[in-house]
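Chains as they are written, first to last, in the UniProt record's numbering: chain A, 1 to 325; chain B, 1 to 467.
Since the hints were made in silico from the structure, they are not lab data.
Check the hints yourself; a few may be wrong.
Beyond 12 angstroms from chain B on every Cβ pair, some chain A residues (computed) [claimed, not checked]:
{"#": "1", "residue": "I90"}
{"#": "2", "residue": "L105"}
{"#": "3", "residue": "F115"}
{"#": "4", "residue": "R317"}
Listed next, with one range per pair, are the computed distances between beta-carbon atoms [unchecked claim]:
{"#": "5", "chain 1": "A", "residue 1": "Q211", "chain 2": "B", "residue 2": "R70", "range": "57 to 67 angstroms"}
{"#": "6", "chain 1": "B", "residue 1": "D246", "chain 2": "A", "residue 2": "K78", "range": "18 to 28 angstroms"}
{"#": "7", "chain 1": "A", "residue 1": "V112", "chain 2": "B", "residue 2": "P377", "range": "51 to 61 angstroms"}
{"#": "8", "chain 1": "B", "residue 1": "K102", "chain 2": "A", "residue 2": "L105", "range": "26 to 36 angstroms"}
Don't be surprised by glycine CBs; every beta carbon is placed ideally from N, CA and C.
Residue strings, one per chain:
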Amino acid sequence: MAGTISPYKTNRRSAPAGSGSAGRGAGGRERSGLGQKVRRNLSAHGFLFGALVCFGFFTWYPMVREVIMSFQKTKRGKTTWVGFDNLERIFDDPDFWHAWRNTFLFTLLALVLGFALPFFVAVLLNELRHAKAYLRILVYLPVMMPPVAAVLLFKYFYNPDYGLFNDILRTLHLPTSAWLNSPDTAMVSVVIAATWMNMGGATLIYLAALQGIPGELYEAADLDGAGLLRKLWHVTIPQTRLILSLLLLLQIVATMQVFVEPFLLTGGNGPQNSTMTVVYLVYEYAFDLGGNNYGVASALGLVMLVVLAGFSALYSRLSRNSDND
Amino acid sequence: MKTNGLLHRSAVAVVVAGLAFSAAACSSSGGGSSSGDGGKAGDAGAPLDPATKVTITADCQPPTTKPAERKQWDDDIAAFNKIYPNVTIKATDGSPCEEPAKFTAQLAGKTQPDLFYAYFTDTNQILDAGGAQDISAYVNEKTVPALKDIDPSVLGTLKDADGKLYGLPVTNYKMGLIYNRKLFVQAGLDPDKPPTTWAEIREDAKKIAALGNGVNGYGDYSATNQGGWHFTAELYGLGGKMLSDDGKKVAFNSAEGKQVLQNLYDMRWTDNTMGATQGLKWPDLMTQTSTDKLGMYVGAPDDITYMVQTLKGNYEDYGMGPMPGGKSALLGGDGRFFKKGSTPDQIKAGVAWVNFKYLTMGKGQFDYSRNKTDGLPVGIPQPSFFGGASLAADNTAKAASATVPVKNYAPYVSTPVPGKTEPANAQQLYKVLDAAVSAVLTDKNADIAKLLTDAESQANQVLSSLQ
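Let the hints inform the model, and build the full structure from the sequences given.
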């Protein structure tokens, strides 16, 4: 059909008639030039162009604007270049360091809970003989819940006066907690809610990886007399290392950009700014301080971008080295 | 591969085009102001010619979920069009009229309507964004006859440092003590004599909290900058200041500032009359009061309207007293600003509409007999920006059509506390103070002196970065 992409057709046409450069020379296709190539792949380039335009407008352009705005300030309707003033302002703001400490704490706690827990739930589900499908749905169910609804549900659970969690603790004659109302427990409470909301996706990915492990490996381990933990350590983890490390990176990048959970659970800052994260601080600079602080917000966003890009590059380098080993 | 080479060139072309577009967009945004400057203002002081044909856009039309207010809006537009038949007001509804995040984005994108709603505290932000038109030349006693009676401090919130006027007030409030009369009676307190000092509030709060069943004596906000807002109100009540006289430094680290935090700390931890649930933000205190779980809090008169109209409470159950301390009461409110670039006719039409709808006795929001017929409250002590003849006329008209138990607000009305406007860069200072208020309400070991010193240092840093 005219205009449709046929990889087979395209490949055949662009494949050299002979071998190497001789073939291309003999076919004389270079002489036909750019126009013929464009015509040949017109529909493919059309689709590509659409995608590039979308990326250009909605991804690259805002990124370029963010970088530019990081060095600008708007005052009385006039935008001027201010060099590194915006960066200086965020570095001078005690909340900047506070927000980074909180963000790293959230990331650490979210990894301890949100990385390990789904893996062990996946291992457990993989070992089950019955009700596997039912339990899989059950684990994934929170992911299907709108995040705002899930967060507000937890907000109710956490209420120190009439919330579910304290009711349970009272029933068990255990001491109650202030949950979101104390700087000591607010962040942990946010992490618990976030883990509950998001662990379903990671669990299913781990489960898929676990099911790809050949059964013979476990049989061989059994023959060698390996117990559950040894099998986990010497078979399961090495076999799922790729997916584990990929999810680790994705989770770090995602958890460092946490916003919705603290924003809804504690209003963003939390008691004594204990749940203020970097992305929330970006939001606060941009929208919540009654000023035209887009430049400062952009500068902080840029710092975040650099940190995450640096981390990704480091991760990439480490995993390459590990592959070479 | 040749194909990749081609792709590479295409991609480069698109990226280059995108960057060129970005550069163009950046340079256009660098200029700041939009095309118009209000046009010729030679005859600016003259009222709008009734024959003028002009269209303006406006926000804050009451939503259809408030049918009485919506009907009044439509009726007022029709009545306004009888005087100015060729003025078209294209309105968009919204409730609340301003969402700060959306408003900030609108200003940045210059997509606010010609006549737009904003809080008094937004003036600096609007001017920094180059979002409003100077309307000084258009506002006088011919275009706004009640102008001479408007409280100068209220008009001052809508002016820049040079005294240029950018908006007109629509409503305002002075904060006071809102209390639940039903709980007062249950606790054996006199509902007609609310406490006027913090010592009295503490004592009354103990009696109310003693009712049990999750009832708290006193409540306060401590999140989303509202903790700082209430700190300021309570500081003003005690006679404290937020800023130094030159406005360059903060002045809240004072005896009054310490007393504000100490009061909250004592009620939270020593008396245990504020409950364990903190981090509250608007409208949590209203929700608690309307469900008879809270005895007292500091608020504005229209909180009572909200508790009745939205939360289905009863006017009979709520009273209002003067701001504790009684030195001064935080004065806030909102107005209508005029978009930068509006034509002279648009500005004149906007001024005429605001005057008709919001600033004329017996019309628009001051048509109390109509409010009574439509089931809207009459008698709430708000707005309160008029003085002189307008105030006298307002009081008479309000008393004649009162639908709410005005005696419940007698302690507030009969003890007038001078209004004091919010500080410049209010939201930035409130954010800093939020942390201090939150700390005393969530940390039993909070060090008040240190909290205030830290907040002072941080706020001064913020102010210096804004100079």
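Verification of the hints:
no.: 1; hint: I90; verdict: 10 angstroms, violated
no.: 2; hint: L105; verdict: 17 angstroms, holds
no.: 3; hint: F115; verdict: 29 angstroms, holds
no.: 4; hint: R317; verdict: 26 angstroms, holds
no.: 5; hint: Q211(A) with R70(B): 57 to 67 angstroms; verdict: 59 angstroms, holds
no.: 6; hint: D246(B) with K78(A): 18 to 28 angstroms; verdict: 25 angstroms, holds
no.: 7; hint: V112(A) with P377(B): 51 to 61 angstroms; verdict: 54 angstroms, holds
no.: 8; hint: K102(B) with L105(A): 26 to 36 angstroms; verdict: 31 angstroms, holds
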